[in-house]
Amino acid sequence: MSIMDDARDKWTGTINELTIGATRADGGTRTSVVTIGGAAALPFMNFEGPTPRAPVVAMEIWDREPDDWAQPLVDVFGAVLKSPADWAKKCVEEFGADMLCLRLAGTHPDFGDASPTQAAEVVKSVLKAVGVPLIIWGSDHDEKDNEVLPRCSQAAAGERCLIGAVKEDNYKTLVASCLADGHTIIGLSPIDINIAKQINILVSEMGLPLNRIVMYPTTGALGYGLEYSQSIQERGRLAALGGDKIMSLPIICMVGQEAWRTKEARASLQEAPAWGDEATRGIYWEVATASSLLQAGSDILVMRHPAAVAAVKKTINELMVK
Amino acid sequence: MKTYSITFLPDNKTIEAAAGKSVLEAAAATGIAVNSVCGGDGVCGKCRVLIKSGKVTAKPNMFLDRLDIQRGMALACQTFIDGDVVIEVPQESRVGGVPQLATEDAIRYGSISGWVGEGALFPHNPLFQKVYLELPKPTITDCVCDQERLYRELRRNRDIGVMQTGLAVLQRLPDILRQNDWKVTVMLGRRGQTLEVVDVEPGNTAAYNYGVALDLGTTTVVAHLVDIGTSKTLATKAKYNSQISYGDDVISRIMYASTAERLTQLRDLVVNDINDLIAGLVVEARVKLHDVSIVVCAGNTTMIHLLCAMNPGNIRKDPYIPTACSPPTIRAAEVGIKINPRGLLSTLPSVASYVGGDVVADVLVSGMMRSEELSLLIDMGTNGELVLGNKDWLVCCSASAGPSFEGGGITCGMRATNGAIERIQLGKNGDVLSCNVVGGGKPLGLCGSGLIDAVAELLKAGCIDRRGRYDRAACGSRLRENESGGLEFVLFTGRETALGRDLVLTEADINNLIHSKGSIYMATESLLDHVGMTFDDLKHVYIAGGFGNYLRIDQGVRIGLLPDLDPAKFKYIGNGSVQGAKMALFSQEALLNIQEQIAGAMTYMELSTSHKYMNEYSSCLFLPHTNIEKFPSLLSGVQKEAEIGVTG
Chain A
0 MSIMDDARDK
10 WTGTINELTI
20 GATRADGGTR
30 TSVVTIGGAA
40 ALPFMNFEGP
50 TPRAPVVAME
60 IWDREPDDWA
70 QPLVDVFGAV
80 LKSPADWAKK
90 CVEEFGADML
100 CLRLAGTHPD
110 FGDASPTQAA
120 EVVKSVLKAV
130 GVPLIIWGSD
140 HDEKDNEVLP
150 RCSQAAAGER
160 CLIGAVKEDN
170 YKTLVASCLA
180 DGHTIIGLSP
190 IDINIAKQIN
200 ILVSEMGLPL
210 NRIVMYPTTG
220 ALGYGLEYSQ
230 SIQERGRLAA
240 LGGDKIMSLP
250 IICMVGQEAW
260 RTKEARASLQ
270 EAPAWGDEAT
280 RGIYWEVATA
290 SSLLQAGSDI
300 LVMRHPAAVA
310 AVKKTINELM
320 VK
Chain B
0 MKTYSITFLP
10 DNKTIEAAAG
20 KSVLEAAAAT
30 GIAVNSVCGG
40 DGVCGKCRVL
50 IKSGKVTAKP
60 NMFLDRLDIQ
70 RGMALACQTF
80 IDGDVVIEVP
90 QESRVGGVPQ
100 LATEDAIRYG
110 SISGWVGEGA
120 LFPHNPLFQK
130 VYLELPKPTI
140 TDCVCDQERL
150 YRELRRNRDI
160 GVMQTGLAVL
170 QRLPDILRQN
180 DWKVTVMLGR
190 RGQTLEVVDV
200 EPGNTAAYNY
210 GVALDLGTTT
220 VVAHLVDIGT
230 SKTLATKAKY
240 NSQISYGDDV
250 ISRIMYASTA
260 ERLTQLRDLV
270 VNDINDLIAG
280 LVVEARVKLH
290 DVSIVVCAGN
300 TTMIHLLCAM
310 NPGNIRKDPY
320 IPTACSPPTI
330 RAAEVGIKIN
340 PRGLLSTLPS
350 VASYVGGDVV
360 ADVLVSGMMR
370 SEELSLLIDM
380 GTNGELVLGN
390 KDWLVCCSAS
400 AGPSFEGGGI
410 TCGMRATNGA
420 IERIQLGKNG
430 DVLSCNVVGG
440 GKPLGLCGSG
450 LIDAVAELLK
460 AGCIDRRGRY
470 DRAACGSRLR
480 ENESGGLEFV
490 LFTGRETALG
500 RDLVLTEADI
510 NNLIHSKGSI
520 YMATESLLDH
530 VGMTFDDLKH
540 VYIAGGFGNY
550 LRIDQGVRIG
560 LLPDLDPAKF
570 KYIGNGSVQG
580 AKMALFSQEA
590 LLNIQEQIAG
600 AMTYMELSTS
610 HKYMNEYSSC
620 LFLPHTNIEK
630 FPSLLSGVQK
640 EAEIGVTG
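Quick note, the sequences are listed as chains A and B, same order. Going by numbering that gives the first Met the number 0, 197 is the number at position 198 of the first sequence; the sequence numbering is gapless. Going by numbering that gives the first Met the number 0, 325 is the number at position 326 of the second sequence; the sequence numbering is gapless.
Treat the hints with caution; some may be incorrect.
[Said to hold, decoys possible] Lysine-lysine pairs mimicking DSSO-like chemistry, simulated, CA-CA at most 30 Å apart:
#1 B:Lys427 with B:Lys441
#2 A:Lys166 with B:Lys441
#3 B:Lys441 with A:Lys171
#4 B:Lys629 with A:Lys9
#5 A:Lys262 with A:Lys171
#6 B:Lys441 with B:Lys459
#7 A:Lys9 with B:Lys611
The hints are simulated quantities; they were obtained by calculation from the structure and are not laboratory data. Predicted model, so just to flag it, every value in this text is computed and none were measured.
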């Protein structure tokens, strides 16, 4: 017997594994797929249990040209912002993206009001342009999402996309589509682990199994609720590792959108001369937010700036070394 | 100021009211109690009236649709007199009828003989006694004064401490004694540590000694007339608290009572109710009002404040301090209660602002403080009160459940009176298989137990999901969209209801119920957690409160209102308030027990400072609960494997 008790935690639960993307062999057209989950301990704590799958960074692209993105983002992508397919290609070919998150921002009634058919065309064009798996995200307008997302789901049938997000009071339409077209789904909860669990129950009770759901517990950027989101995420993960199967689901974080919303990321040098170079400030902000959330068990980080993506991927690779 | 004449139909009562008065105020002045959950703030939509003719001005509101307004429908509190008008107050908008609780309650729980009397737990030693005395006449050698002569005789074979007699009695005493040949009946009332000679009556009237046990509820006032000598209940009556027109819950009453004038107004309203009840009781039991000498009242802290016209304002404000938890025994006439003019009014002590004498009475009646075993008591009303403990300790808390158990905040909600659906059974697609209506006939609305039934049955039929949202496919044609864009389920079409209006249950209604039941369940769990215990430690669960009697345990469990325990552990205790008041009336020892062993020993836990309550409340906003493993009896085999397959 050793003098000191073994201080390592023992866990009973394992996070569900989930694969996004389907190759020809599986009935899709993807050239690569991404598998997440499988963790049997807190992230990167190999002495307690394995983190078999590295967290994945997905690069965020839009169906329309963003009109409010910070200058460093506009500069790095340039002309491709006008074409979702070209944008997707640039992310994969130039910046090495493993996965893309296509946001259908232009379908929002107040920001373009693109039709479901137009949105489905965009989805098809992106799937055609690149071979990586795809996350499809609506415009966060419930009624419009219920028209748009089923059409996009259909357009991507068999590709095993990750589609979102469903909420407690609006999930039935999208769950039915994902069931029919073989996709996986994102459940959104407003920083509340109880509601997160409720969504998982509601979706699975419709017949979409728990191993096809990813949780989005909402994200706060550094200085804007990061601690809160980190602790909620961690509480959820601890419950899962403790054996709560309904919470044993991978987690997605919207890092880019939150980090680039902060005034620290956006302010010009003239506006905030003491804050340093505006070309790199936002990148650091995105990296800091992402690296923190990794520790709480994020499985997918949706990010914007290629330099931040590269830095976080490097961090992940280093943390994954046994 | 200009005044107009206002006529209310179908009562055909007319009143003069100043221009600018609200219809609600005018109705109240006429003695017509119009429903008003919000106390006239225009936010509950329950005070619908029909303007038949005349001129009014109305503020816009969101409760009436175009058709309603065309028909002349208006909200009484948002409509103001601007000319002579004729107004119809439909039945659905009235505080009316006799609450269902009274009679059946009396039959089921009328007897407390097991508690008080010879060989029982508490001796028969009433708070108010009549003693017949034949006094020795004074002589030159036995020359103590009249008062002392009375005291001496009383003390001859009784152990009596401090005694007092009012001046008014002393002024009459010499004549009464001498005119009746020194044969008199002394009325003795217990006032704290002092025994008062309340009055002295000629001859032997000891057999005519009656009292009233009163349950002074926020919604209902229940009165039992008892024969103090025999401990028998002679008659029971109940009516709705007329203060309802000034708010459904204690908070809105407290807010209304913000001036001395309004405080007195609320006091008078409830005192009138009490007087109505007592007047009815004495007629029914054929006793003289003069022989009713004591009223013992159990009520929540706010109701007792209002009865005594003590300022309740601080009950509502942090840190929630009542004026008095144990007001003194006073003469009933001081607040306007009409019994024997020298008769007494005693109230059962409160514990805190939101745990009142009604709960203390429940505890007494449950007997939980005499058992080694751990018991939980739940008094379910607008304010849910919970008590946990055994013979060594008691801890309590109060959970604001909202008015949905009383039918408030529910589109077709109503109190448990004639026309209320108290039970309902639904089949596939939510088709109504059977339904019990209070008083028989066509249904008018859903009361608390009917609402719980309906939601539990919809859940069982798969018509709603576990968040309480309708499933279009499962509901079929009974589901429709209402004017505000929400979904509603038609339980009964207009043809099948008493008022010809569709009886619906909206998603918002279900959501309100989920919040109410969630707060009760979470309070229960927090209270147990506070003392380091779990549901498994509970041996008994007592359900109190008028509404509680009609609650079906299995349905309460199904929606997650009650913990999933062996049904044999649940017991209804009926109207504990009125029974507890009665026990105190019959036995000073019971009152002492209430004061010292119950109210005095109960620890109050403030839920608003409980982290557990705040963190986990949202897990209760699900049917029955987010963590289904807390409700093992509701799990199907497959679910069991999937949901609680915790390994290791």
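Violations among the numbered hints: Result: hints 2, 3, 5 break, sorted rising.
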